[in-house]
Amino acid sequence: MANPRAAAHRRAWPRISLTMCTAVAVFVAGAAGGTWLGIDGARTERVVVVTRDLSGFRAVSAADVTLRKMARSAVPPGAMRSLGSVRGHYVLRPLHAGQIVVQHAVGPPAAAPGLVVVPLSVGNDSAAWIRDGALVDLLLAPTGPGGRAVVIRQVLVVDQRKTAAGGHLVFVAVPRDRECAIARVAGRGRAILAEVPGSGT
Amino acid sequence: MFATAISTVTGVLDRRFLRNSFALSLAFIVLCGVVALAGNGQLGAAITIWQSWRAPVQLLAAAAFIATVWVVAAVVQSQIRSITQAFEGYWSGPLRPLRRYGEKRHWQRLDKLRSQQQAAQIYARYPLSRNEVRATRLGNILRAAECYPRDRYGADSVLVWPRLYPLLPDNIITGIGQARESLEFLLVLSALAAAFGTVSGIYLIVVMAPVWLFLVCVWGAFAVAILAYRSSLGAALLYAEVLRSTFDMHRLDIFSNMRLPAPANAAAERQRWTEFSRLVLRNVPLPQPYPPPPP
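Going line by line, the protein sequences match chains A and B.
Here my numbering is used: position 80 in the first sequence is 113, and no number is missing along the way.
Here my numbering is used: position 281 in the second sequence is 280, and no number is missing along the way.
Excised from the complex, chain A in its bound form (with noise of 0.2 angstroms):
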């Protein structure tokens, strides 16, 4: 003898429209592809990696960098994570292909293309109150007999690092032009920075 009630129950499931059956699978399978995200989304994270080799003092392209998921745990502190954060920005030292880009590795906006970033050493009184992105007039000052004055106006400073002997190095970015004058400069003269009024410095 039929069960009276597999039967009911029988009938009762072609009385769910075929577009019922749609949305609810859809929503069942979205949330089910949520979930699995959700969960890689906590153990895995997206950093920016450098995709190819990469010299100190470089402006980043938007083919150097790239977004790569990996472990939670394998991403170090101050990891960037975003692309925009680091590209046309300069690199302050060298990365090799794959490495993770961290935030203190990461300088200002890059200027204008045909620049070259400088070191210059500067008196600890005159790079006090710099800070990396301002932009400062360079003035040159040849020490000695001969020799004239520069001025480089305008000049973004890159970086700035303690040297071993105590003094106070600036990496500045120069046009590629006035390199000479900088040579002329290095090691018998005097560089000075000066504030540029409303630069942010």
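Which stretches of chain B does chain A cover? Using the computed rule of at least three CB atoms under 8 angstroms from a CB of chain A, they are:
#, stretch
1, 93 to 102
2, 190 to 204
3, 207 to 217
4, 220 to 234
Honestly, the hints are just simulated from the structure, not real lab data.
On a predicted model such as this, the values are computed, not experimentally measured, just so you know.
Glycine included, every Cβ here is placed at the ideal spot set by N, Cα and C.
Here the structure of chain A is known, so what remains is to put chain B in place on it, guided by the hints.
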């Protein structure tokens, strides 16, 4: 002047193609591209690269993109009939169980409407014969219109319609075209939205995209697909009624254009349509003599 140029261009180009295929294909391809880039975190870089191109290069890229969309739209246009049949429930192979499920459900619903004597609902939404019931609501609405000439007059719509259509007045043809165009737009929208939801969902799972992007793409796209399908049922009801009324008002134009006398009553009309089908399918000559040509 701009409005005049637009109206001239759209007048030259088929409006149905532009609306039902090109516009929807354009939206589909653009959304696929945005999701593909955003899923990998490359959307900003792509915009930067685009902005770095010079104007002539941008124009060439835009022209190539439009040409690509045009080709895709042409493919979509050629498949509108298949898309419509898919929504009508003409399923085979691994979808056969789904078709049987849908047909069984609609049998139950048809039986229920008959028991409640809901003649108006049955007229608009179901063919009279249980054997003609399809798996989807759209399929039943369109099948009801297809079966109407046979059920009411004994005329096979598949044979009659291609011969009747050229005889119709322009305003009737325009009305049929507009009703069909609205129906096709919603079905193509539903199909492309479902395709986008499926493809983007699979892609975003593979690239491990953010959860919010995955849910927006999948749930959002299928919500659009389901809403578009539900909206198409209203358009289908209108289209089906236009077809039925066209048969009612103009079916005898075929006999008059074939220089045959009009049937005297309903029974004679059924017999005439039977003879017509034999003529078309089996070359059996009509028994009625041709009247002399008009002076």
